[in-house]
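Those sequence lines, one after another, are chains A and B. Per my numbering, residue 774 is the first one in the first sequence, and the count goes up by one each step. Per my numbering, residue 293 is the first one in the second sequence, and the count goes up by one each step.
Misleading hints may appear alongside valid ones.
Mimicking SDA-like on lysine to any residue, the simulated pairs with C-alpha atoms at most 25 Å apart in a straight line are [claimed, not checked]:
| hint | chain 1 | residue 1 | chain 2 | residue 2 |
| --- | --- | --- | --- | --- |
| 1 | A | Lys-852 | B | Ser-336 |
| 2 | A | Lys-852 | B | Ile-300 |
| 3 | B | Lys-652 | B | Ser-597 |
| 4 | A | Lys-852 | B | Asn-478 |
| 5 | A | Lys-832 | A | Asp-804 |
| 6 | A | Lys-847 | B | Ala-437 |
| 7 | A | Lys-852 | B | Asp-508 |
| 8 | A | Lys-958 | B | Ser-336 |
| 9 | A | Lys-832 | B | Asp-355 |
| 10 | B | Lys-570 | B | Asp-518 |
| 11 | A | Lys-847 | B | Ala-360 |
| 12 | A | Lys-947 | B | Ile-300 |
| 13 | A | Lys-958 | B | Ala-312 |
| 14 | A | Lys-958 | B | Ala-323 |
| 15 | B | Lys-570 | B | Asn-550 |
| 16 | A | Lys-958 | B | Asp-317 |
| 17 | A | Lys-832 | B | Ala-343 |
| 18 | A | Lys-947 | B | Asp-518 |
| 19 | B | Lys-570 | B | Arg-495 |
| 20 | A | Lys-852 | B | Ala-360 |
| 21 | A | Lys-947 | B | Glu-318 |
| 22 | A | Lys-852 | B | Leu-358 |
| 23 | A | Lys-958 | B | Leu-358 |
| 24 | A | Lys-852 | B | Ala-343 |
Simulated from the structure, these hints should not be mistaken for lab results.
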Amino acid sequence: MSSAPVPHSSDSDPEPELVANIRTGDAVASDPVAFESHYDAVVRAHYVRLTSFAYRMLKSWDAAEDAVQQVFCKIWKRKAQLNFDEPLPYLYQAVRNECLMALRQQGRREAAGLRIAEERTASASESVEDAELQAAIDRAIAALPERCRLIYTMSREQDLTYGEIARLLGLSIKTVETQMGRAFKTLRRALGPYLCSAVALLASSGSWPSLPR
Amino acid sequence: MPSPDDQIPWDRLAAYVAGALAPEDEAQLLAWVAADPAREELLSSLRDMWAATELRRPPLDPDQALQAIKHRGVGPAKVVPLHPRFDALTPSRRPIRRALAAAAVAAIAVGGWWGVHVATSARSAQTSDRVAVREFKTARGQRLALSLPDGSSVMLGPESVLRYSAAYAAGSRSVTLEGDGYFEVNHDAAHPFEVRAAHAVARDLGTRFVVRARGDAVPVDVAVADGRVALSGHAQRDGVQRDGVQRDGMQRDSVVLNRGDLGQVSRAGRTSVRHDVKLDSYFGWTEGRLVFDGTPLPSVAAELSRWYDVDIRLDGPGLAERRLTASFHNEAITKVLPMLEASLGVRVTQVGRQLIVTAK
Numbered sequence: 774m775s776s777a778p779v780p781h782s783s784d785s786d787p788e789p790e791l792v793a794n795i796r797t798g799d800a801v802a803s804d805p806v807a808f809e810s811h812y813d814a815v816v817r818a819h820y821v822r823l824t825s826f827a828y829r830m831l832k833s834w835d836a837a838e839d840a841v842q843q844v845f846c847k848i849w850k851r852k853a854q855l856n857f858d859e860p861l862p863y864l865y866q867a868v869r870n871e872c873l874m875a876l877r878q879q880g881r882r883e884a885a886g887l888r889i890a891e892e893r894t895a896s897a898s899e900s901v902e903d904a905e906l907q908a909a910i911d912r913a914i915a916a917l918p919e920r921c922r923l924i925y926t927m928s929r930e931q932d933l934t935y936g937e938i939a940r941l942l943g944l945s946i947k948t949v950e951t952q953m954g955r956a957f958k959t960l961r962r963a964l965g966p967y968l969c970s971a972v973a974l975l976a977s978s979g980s981w982p983s984l985p986r
Numbered sequence: 293m294p295s296p297d298d299q300i301p302w303d304r305l306a307a308y309v310a311g312a313l314a315p316e317d318e319a320q321l322l323a324w325v326a327a328d329p330a331r332e333e334l335l336s337s338l339r340d341m342w343a344a345t346e347l348r349r350p351p352l353d354p355d356q357a358l359q360a361i362k363h364r365g366v367g368p369a370k371v372v373p374l375h376p377r378f379d380a381l382t383p384s385r386r387p388i389r390r391a392l393a394a395a396a397v398a399a400i401a402v403g404g405w406w407g408v409h410v411a412t413s414a415r416s417a418q419t420s421d422r423v424a425v426r427e428f429k430t431a432r433g434q435r436l437a438l439s440l441p442d443g444s445s446v447m448l449g450p451e452s453v454l455r456y457s458a459a460y461a462a463g464s465r466s467v468t469l470e471g472d473g474y475f476e477v478n479h480d481a482a483h484p485f486e487v488r489a490a491h492a493v494a495r496d497l498g499t500r501f502v503v504r505a506r507g508d509a510v511p512v513d514v515a516v517a518d519g520r521v522a523l524s525g526h527a528q529r530d531g532v533q534r535d536g537v538q539r540d541g542m543q544r545d546s547v548v549l550n551r552g553d554l555g556q557v558s559r560a561g562r563t564s565v566r567h568d569v570k571l572d573s574y575f576g577w578t579e580g581r582l583v584f585d586g587t588p589l590p591s592v593a594a595e596l597s598r599w600y601d602v603d604i605r606l607d608g609p610g611l612a613e614r615r616l617t618a619s620f621h622n623e624a625i626t627k628v629l630p631m632l633e634a635s636l637g638v639r640v641t642q643v644g645r646q647l648i649v650t651a652k
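With the rest of the complex left out, here is chain B (with noise of 0.2 Å):
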């Protein structure tokens, strides 16, 4: 290059070839050029690698991104473990407890690993964007964390459903349930969030709450930690759901339920109230506990079932009578299953892959 590199306008030259030297500076740069071959040489070269520093892109659409944002959920899912996996199970003289730590690690084993189990069904559930409805869904011994994108959260607990369709961010925040949910919400009059759960409507008004919705045959649970819930029954008859609307002729049975309380609906649609409840036993599932306060032996099966992703059954006269009164932090079922053996005076047996639960 004939001229000396520190004589070279290179910051005018920069801007000229992005575009950006004042109209009033172009002129006397391009006379600068004009002066000598090697210079318009130069400025031709520069130009060269302005076009070939272009940034490689793969084809990105800002209006699909906008559908994806605004169906997205903050933060991921997130499958939240039940309990410690299984190691060394504690070797016992009593040969039953040895049958029982190989069935509940056969169990456990079976249910199979639980983030890619619950990753591929809320994915698969997921429909076109024209019929948008996100489900989550938790199998025995699974949880499940996730936000909403109001940017609540959810707790789902073991053998459980969430939907909502696109209609939410846009916001109808209305979603629907099938088995345990805790709620975080943030409070927004002018969306209200609305569980629909089998009988029941639960309407936050600035809350924490769980719902229990097990099927039709018994009554829908809604426990609140804080803020208010409006609580409706839906009378279901002949199949067709109805709202209890006016046009009906048939009143609303509606309540509010405030922290401690925990409001049921039962399937007629009515709704009752107990207050100053034992919140733990409602809540502490969301972090791992599971509280049994005077539970009967039948709840307390189903419950015990859906956690560990076993089947216990019970067999034998007076055993739906018994109640549990304890509680289970993140401990294995081979620990579970003693304790409940030792306070209620049953014995539990392996049967095939069952778990019989006799009178002692």
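Extracted from the complex, chain A is given alone in its bound form (with noise of 0.2 Å):
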């Protein structure tokens, strides 16, 4: 596999990159009928997770999906050579780049004044204790130095590996530990008091609860 060899950023680095690699002419080059099987996986596998990862930069669910199924699109019409075994490292920087683009054209109308459409919102209804936990969670992750919220995000709203994550961010796995690390601390203290009750139960069932994983 020929590609260019990752880039480690120091952990000084303020600004997360991700690395593009695109492997040229390959396997599925001139088969429409495999590439269309191989397309179809990879959109299947990854659309749930990269639809998430447009979220936290566009925070709205219909923009989210548009940007990804824009930068799919792209790569179907021109039946663009995707690595497939690896799509990902490919994927999260043109859909990032899709995000920053819509968030210029979002900048420039509502600098003219024109109102975005409501969209629509993940749950129906909610408890009072449940919207301000809710609401001390979105904050409490809004709060996370930048790097950190990425991590974080990628790893429990994107279903990826550390591996995953240091590959697509260019971090060594140890960065990637020591940031989630921190964001599990950071995060404890900003929720404890939210899950005081929670652990309160807990404790005097006497017996750990079996989170799924």
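Each of the two chains sits in its own frame; use the hints to bring them together as a complex.
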């Protein structure tokens, strides 16, 4: 596999970078049936996580789906040769760029005083406690340092392994471990009060809750 | 918390909860936790936290997304304004011109807001997934720029219709056109691009070209700016369209057009070619220019009507033979009509909602 070496950023790097890696002219080059079958598999495997990633950037599910579909659409039209073994580096980079473009457009529209249409919300009904907890969670995550937040959401929301995160961001696994540790520490401090009652309940039952992984 | 913060192995706890801790390190961590009930509480709360920070999503369906992706155009359909909105009209000494100005303003206002109109027709024409046919329609006074699923570009002129089916995305690159269309096609020998327009079929061989098909009674025009187009005729008989295939015993009339050629297909399916035509006459409209080059007045009237969404009629003998050579770039109708009057020696009068052209 021919690929550029993954750059290693030092911990003091302020801006995380996505490392693109497109493999040119490969296995499914001229066979449209094989291409479509690989293409479909990639979309099915990664659509949800890419949309979650886009959601973090655009703060709107409609816009997120639109951005991800746009990226996949361009690949489909140009029959661009994805690295079907490792499509994520390219896809993450492409979705990120698409989101940045959308944000710029949004910025221009807002400057022109045009209102953005309402987007559908994730959940229908919530109790007051739920809503408060959710708001606290959103604030706490938003308050994380940028790279820390990116890594945490990639792990928690996009279902990526430490290795995958390290690869996509051009970091060492050690850095990912450290950042996750920091995220846990910070979030624990911010959300502790909201979780106390839950902990008390669990402690009294005397057993470990088994959480799905 | 009994253990001071900096002695807590946050990295390992995080990795454990996130499911990323190596099995060989697990035992060590759990031993650490078991040594103190406070640590067990901590781990438990971290698990709660992990669970609570689940991202809430609306239902996302990758299969549905796949369908949407494959039927999507790259970039939205864009309405291209034909000319600047009517603002200050220069007052004129001749009372007729003032009447014309008022008529033109009324005509344009009635035409409505361009963007919403076209967007509505594009979306409302879309049918269910099973019979997916996309239709784009422009009204008089509008043009539309859009992309096809394969990235080819189309610009529709005023009062025109473009249709293609879901099969387009799958490789069968065929569109139907009524009216005026400008095409910039990505060449793909394995999947030739074709435009079916009235009694003609234009097949791309790597090109930029325009097609004009305004009904059965007139020839279909195809002009080529770049590349080559294979143009062939469908003879239409008894309402049944035949492709001129051998089994009918009929020769397909076809011709290859190069840059600068104008091909025409008559209603009977006969093709003819003129070389070295002035491309601006055929392509100017895509850049907002109306170009007439020795064009007979009836055609001029029809084009101006479509372009400006007005209704221009000719009334009087000999008018049909007059020809116009002129070029208008994004000019309001109030400037165009006086020029028409001057260069052709005619008079344009407003009667009701029509503009009547008479000999002076």
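Results for each hint:
1. Among the hinted pairs, A:Lys-852 with B:Ser-336 is inconsistent with the structure: their alpha-carbon atoms are about 49 Å apart, more than 25 Å.
2. With a CA separation close to 51 Å, the supplied pair A:Lys-852 and B:Ile-300 exceeds the 25 Å bound.
3. As the CA atoms of B:Lys-652 and B:Ser-597 are separated by approximately 21 Å, the hinted pair is consistent with the 25 Å bound.
4. With a CA separation close to 13 Å, the supplied pair A:Lys-852 and B:Asn-478 stays within the 25 Å bound.
5. Proximity of A:Lys-832 to A:Asp-804 is assessed by CA-CA distance (about 38 Å); at most 25 Å being required, the pair is judged violated.
6. Under the criterion of a C-alpha separation no larger than 25 Å, the hint pairing A:Lys-847 with B:Ala-437 is consistent with the structure, at around 18 Å.
7. Note on A:Lys-852 and B:Asp-508: the hinted pairing is violated, with a Cα-Cα distance of about 38 Å set against a maximum of 25 Å.
8. A threshold of 25 Å between alpha carbons decides the hint, and for A:Lys-958 with B:Ser-336 the separation of about 14 Å falls inside it, so the pair holds.
9. Of the supplied pair hints, the one linking A:Lys-832 and B:Asp-355 holds, its CA atoms being roughly 23 Å apart against a limit of 25 Å.
10. Among the hinted pairs, B:Lys-570 with B:Asp-518 is consistent with the structure: their alpha-carbon atoms are about 13 Å apart, no more than 25 Å.
11. A distance of roughly 13 Å separates the Cα atoms of A:Lys-847 and B:Ala-360; the hinted pair therefore holds under the 25 Å criterion.
12. Between A:Lys-947 and B:Ile-300 the alpha-carbon distance is near 17 Å, which keeps this suggested pair within the 25 Å criterion.
13. A threshold of 25 Å between alpha carbons decides the hint, and for A:Lys-958 with B:Ala-312 the separation of about 17 Å falls inside it, so the pair holds.
14. The hinted pair formed by A:Lys-958 and B:Ala-323 meets the criterion: a straight-line CA distance of about 20 Å does not exceed 25 Å.
15. Under the criterion of a C-alpha separation no larger than 25 Å, the hint pairing B:Lys-570 with B:Asn-550 is consistent with the structure, at around 13 Å.
16. Proximity of A:Lys-958 to B:Asp-317 is assessed by CA-CA distance (about 20 Å); at most 25 Å being required, the pair is judged to hold.
17. Note on A:Lys-832 and B:Ala-343: the hinted pairing holds, with a Cα-Cα distance of about 21 Å set against a maximum of 25 Å.
18. Among the hinted pairs, A:Lys-947 with B:Asp-518 is inconsistent with the structure: their alpha-carbon atoms are about 57 Å apart, more than 25 Å.
19. The hinted pair formed by B:Lys-570 and B:Arg-495 meets the criterion: a straight-line CA distance of about 22 Å does not exceed 25 Å.
20. For the proposed pair A:Lys-852 and B:Ala-360, the alpha carbon gap of about 16 Å is at most 25 Å, so the pair holds.
21. Annotation: proposed proximity of A:Lys-947 to B:Glu-318 holds, straight-line Cα distance about 17 Å (limit 25 Å).
22. Straight-line distance between C-alpha atoms of A:Lys-852 and B:Leu-358 comes to about 15 Å, which keeps the hinted pair within the 25 Å bound.
23. With a C-alpha separation of about 39 Å, the suggested pairing of A:Lys-958 with B:Leu-358 is violated against the 25 Å cut-off.
24. Taking the CA atoms of A:Lys-852 and B:Ala-343, the gap is near 40 Å; set against the 25 Å cutoff, the hint is violated.
Of the hints listed earlier, those the structure fails to meet are numbers 1, 2, 5, 7, 18, 23 and 24, in rising order.
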